[in-house]
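Novice: Listed here are the chains, written in short residue letters.
There are 2 protein chains.
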Amino acid sequence: MNILITSGGTSEKIDQVRSITNHSTGQLGKIISEQFLDAGFSVTLVTTPTAIQPNVHPRLTKVIINDVAELQTVLEKETPTHQLLIHAMAVSDYSPVYMSGFQAVKETPNLEQFLHQTNQESKISSEEDYQVLFLKKNPKLISWVKTWNPEIRLVGFKLLVDVSQNQLLSVARASLEKNQAEMIVANDLSEIQDGKHRAYLVTKDAVQIAETKLEIAQEIYRHITNKG
Amino acid sequence: MNILITSGGTSEKIDQVRSITNHSTGQLGKIISEQFLDAGFSVTLVTTPTAIQPNVHPRLTKVIINDVAELQTVLEKETPTHQLLIHAMAVSDYSPVYMSGFQAVKETPNLEQFLHQTNQESKISSEEDYQVLFLKKNPKLISWVKTWNPEIRLVGFKLLVDVSQNQLLSVARASLEKNQAEMIVANDLSEIQDGKHRAYLVTKDAVQIAETKLEIAQEIYRHITNKG
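Here the protein sequences line up with chains H and S, keeping their order. Take any residue in the first sequence, note its place counting from 1, add 3, and you have its number in the numbering used here. Take any residue in the second sequence, note its place counting from 1, add 3, and you have its number in the numbering used here.
One should not assume that every hint holds.
Remember, identical chains collapse to one label, so a pair may be satisfied in a single copy or spanning two.
The calculated SDA-like cross-link candidates involving lysine to any residue, where the alpha carbons are at most 25 Å apart (straight line), are [as the list claims (entries may be wrong)]:
1. K149 / S129
2. K16 / K181
3. K140 / S125
4. K143 / E131
5. K149 / D132
None of these hints come from the bench; they were simulated from the model.
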């Protein structure tokens, strides 16, 4: 079984010197990669430049990407030759479209025009006291995975912040169905700290709880190999 | 002489999972730190979590910060006990104030109200096709350095993108005067690649050109110790 894993967080450029970044150390993706490598599988890890990386391994191939557009290209190419995707990457929801000084925005009757402009500057000017950044929703790549490879097994992730356990599980179950995943690993940022990482591994008929990144990796591994 | 050096790039949070980050590897600040450590000076390095770090050294003290507010606190505390500040950090020009769906912005007659709101959510919702982020200018900390310590020697940096050499030098000279710096290291992102890093070291009566990060560090060192 060839395994495709994503880790780290994507960045979307505002201009040549600034971007919007989704936080993710890459630590969990590293541990999951090592879990499968140690068990003899081949792993393709799609990750980001600042993410923590697994050690070099003869059965590990790394692909470094920066943003959602690059991630899409890589996933579209790699999913057909892999039998499992574990999509742990923190993917940017939105990408910058246009940045403007506040005054120009305030004086423009039709704000829609800013959704179809592009900054020509390489480094956007920083004179005005306030600026306005217009952002466009990125495609949800996880929902396209099965169109690229209907046979691939899919483990998705859902990170929320400060929600109830019920809400977290409900969002995870919706994602499970919508994306035809066999597992969604649901976690709340407020339960990730000091070496602890609580996660709910949600499948169609069960919920497993893990308390550390290593337990998450082990539970995913057990689930995949028991059913594989 | 106690030397204060800043390196890396600051990040300003949009919410608990996203931020706007200024790109900087921290490599130049690392090399400058090593130049002064090797020569027997004590260095306090103010840097960011993902920046490349110098090796551990008995005369090196590191302070890790994330955003401009934290940088301000540290600089205000540290400048009075240092004789030189080399401010190589890429500092965020703007910080997020409020993020809203596009529809709500479009339907609000008085856009100023968004400049005085705060998001209550820990993770801002990602349902709408377009979002709007309002940003406020950060204080230019370099202009406050001499008020915290009028005696401190100051080396500033200016990064522009795709400008003429004349424009770069003119912006550097303006910064030299405005911030009462004794040197501004001016560079253009388009001239930083593949191990090369062209910089113009602008002082009141001269311009030195350096072609690599090591040359930049050596030229700063030579200037400081010749005049010290």
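Novice: Evaluate each hint against the coordinates.
Specialist: Checked hints:
Only between protomers do K149 and S129 lie at most 25 Å apart by alpha-carbon distance; the minimum there is 22 Å, versus 44 Å within a single protomer. For the identical chains of this complex, K16 and K181 are neighbours neither inside a copy (29 Å) nor across copies (30 Å), given an alpha-carbon limit of 25 Å. Within a single copy, K140 and S125 get their C-alpha atoms as close as 23 Å, and across copies as close as 19 Å, so both meet the 25 Å cut-off. Taking the closest pair of Cα atoms, K143 and E131 come within 25 Å of each other only across two copies (13 Å); inside a single copy the shortest separation is 34 Å, beyond that limit.
For the identical chains of this complex, K149 and D132 are inter-copy neighbours only, at 23 Å across copies versus 46 Å inside a copy, given an alpha-carbon limit of 25 Å.
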